[in-house]
Amino acid sequence: MLDLDLFPSNAPDHCPGTESELAGKADACQGCPNQQTCATSTPKGPDPALPFIRERIRSVKHKIIVLSGKGGVGKSTFTAQLGWAFAADDHVQTGIMDVDICGPSIPTIFGIASEQVHSSSTGWSPVYVQDNLGVMSVGFMLPSSRDAVMWRGPKKNGLISQFLKDVDWGDLDYLVIDTPPGTSDEHLSIVQYLKESGIDGAVLVTTPQEVALQDVRKEIDFCRKVGLPILGLVENMSGFVCPGCKTESQIFKPSTGGAERLAKETGVELLGKVPLDPRIGKSADYGVSFLDEYPDSPASIAYLNIIDSESVLHGSGALTMPLLTFVTGIKYILDDSR
Amino acid sequence: MSEETPISRRLKSVRHIIIVCSGKGGVGKSSVSTQLALSLHALSSRPRIGILDIDLTGPSIPRMLGLDGHGVHQSSDGWVPVYADAQQGSDPRLACMSVGFLLKKKSDSVVWRGPKKNAMIRQFLSDVRWGELDYLIIDTPPGTSDEHLSLLEHLAPVHSKLSAVIVTTPQAIALLDAIKCLSFTRAVKLPVLGLIENMSGYVCPCCGEISNMFSTKGGEEMARREGLTFLGALPVDTELVTLLDAAEPSSAGGPDEAIDIKAFDILKRYQETSSAKLFRSVADRVVAGIAHVEQGSAVAGV
Chain A
1 MLDLDLFPSN APDHCPGTES ELAGKADACQ GCPNQQTCAT STPKGPDPAL PFIRERIRSV
61 KHKIIVLSGK GGVGKSTFTA QLGWAFAADD HVQTGIMDVD ICGPSIPTIF GIASEQVHSS
121 STGWSPVYVQ DNLGVMSVGF MLPSSRDAVM WRGPKKNGLI SQFLKDVDWG DLDYLVIDTP
181 PGTSDEHLSI VQYLKESGID GAVLVTTPQE VALQDVRKEI DFCRKVGLPI LGLVENMSGF
241 VCPGCKTESQ IFKPSTGGAE RLAKETGVEL LGKVPLDPRI GKSADYGVSF LDEYPDSPAS
301 IAYLNIIDSE SVLHGSGALT MPLLTFVTGI KYILDDSR
Chain B
1001 MSEETPISRR LKSVRHIIIV CSGKGGVGKS SVSTQLALSL HALSSRPRIG ILDIDLTGPS
1061 IPRMLGLDGH GVHQSSDGWV PVYADAQQGS DPRLACMSVG FLLKKKSDSV VWRGPKKNAM
1121 IRQFLSDVRW GELDYLIIDT PPGTSDEHLS LLEHLAPVHS KLSAVIVTTP QAIALLDAIK
1181 CLSFTRAVKL PVLGLIENMS GYVCPCCGEI SNMFSTKGGE EMARREGLTF LGALPVDTEL
1241 VTLLDAAEPS SAGGPDEAID IKAFDILKRY QETSSAKLFR SVADRVVAGI AHVEQGSAVA
1301 GV
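Residue numbers (the numbering used here), protein chains in the order written: chain A, 1 to 338; chain B, 1001 to 1302.
Hints in this document: simulated from the structure, not taken from any laboratory. Where hints are given, some of them may not hold.
What the hints assert, rightly or not - Derived coverage of chain A by chain B (criterion: at least 3 residues anywhere in the stretch with Cβ under 8 Å from a Cβ of chain B; other residues may be distant): (1) 160–167; (2) 196–206; (3) 251–262.
Unchecked claim - From the derived model, a few chain A residues whose C-beta atoms are all more than 12 Å from chain B: (4) Arg58; (5) Asp89; (6) His118; (7) Ser119; (8) Gly139; (9) Val216; (10) Ile280; (11) Tyr332.
Don't be surprised by glycine CBs; every beta carbon is placed ideally from N, CA and C.
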């Protein structure tokens, strides 16, 4: 359908695309700030921010982007768990970047919602959850958490570019990027800005029902269009264990075979399934680490047992894995590709 | 009144426009929009209803109404919406429009930046042949960005017909975004009919114990604090989830009739779910709220 770069972020409604024969000449081009550039067929220069981004991001070893087509499937929760788990190793430096501009959840999930960003001579400094876990989100920049960020694409893109070039991330082993739902400005921009430095890959989060899966198919299509490698698929809210009678039931029924069948159909690896545990949501509301808060939960125990095992991802993808085992798996994929 | 635009001309025959929004994604906007449409459809006054899905990168409405696989036809008077009750007789009165009907393949992604989305929304508002409608329900994507700003901008000439329903789930993270959404409605002077708390508890099918997977009462408290009408709390209803998520008709991509039967089936089966019974009072409050707004009385939140 559409290619990257074809539509400038500040293009008018009916922009014919910069590569089009009509570029700069169509009716819609009247009054567009890019008309001159398009009409004179000189190749347009790259975004002036790109060299700065490349320079800044050079000190980041791995970049992981967390995507989902649908909203509310657990992107931010997953991002946070991943961050916490990476940072459990004192020697690993992790950064979390929240590019959900209109609905930033990351500050709350990390329990740092009241913090603010400070700027220094080297740029904005991230908010640190602990020494080796820095976070950046628009949530730290709002005068009040009630404020709605009513921004159109170009302004959102501007901020994302600033998050990449002006934030003093320092030396990072992992930068995990949390995104809003969909396949629009934020996603195109982040991929565009990091094209040169390279993104290791995307983790796609879904829930088992078809309404969510059909959006994941779109997300897979997006990744392929823009050449973003897919690390794998995570099925969240997969089954619910009643705290009363311990019976598992399916709240969101996998009416079309769930993520498992989707993974098979599309050749994307299923990293695992996470059951719905009310305590995960509660941890997110209170901004505490699920892993630290419930060390005796089966998920946490299993995580500690599995962390050294390299076979996590190479067993059966159909296993219902505890939440945090993915981290080992993702680490493993990343190390493997080095 | 400002001058006539193609949109105001087109929407002249629409009496009320209800915008369903939430700050956060996945709280049930589309499911609420669908339920609102189905509940209003069942009213004895036999109102005519339209449902417009402006979630361009993740349209869910076609699937929820069982209309997956339908295409849109062009007529001399604009795009013909897809009718969910086409099988119900000669006078279909539940019209639906979504970008999902325009895609060649379901798995195609719509990778559009703001300006393209803006153009699509304008086209939806000006070019769809809705005909006479009592209610036009507009399902929105999460956030407060391009789609929302464009929608309100384009609908400015018919602002007096507009009102909004805010959907949230009970947990703090969702409420935070719901408040942002409320701030948005206040900034654009959109009257709010009320707040719906979705996914409010889950009844274990085995032992009947109610689990509050996403906490509880958060929405009700927010409504009280903000002076909003609380439209109701809807627990997770697996029957409803399954109905709205129903599997493909056996002849996937087959003739339109097969899909129409499926959609008709959803209409009928919805009324038998426990959610439908709960939603009836929500729909009543929505209708009452609209009357209230119409009278020009100050509804809370304006």
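Worksheet item: Which numbered hints are broken by the structure, listed smallest first?
Response: Of the numbered hints given earlier, those the structure breaks are 1, 2, 8, 9, 10, listed in rising order.
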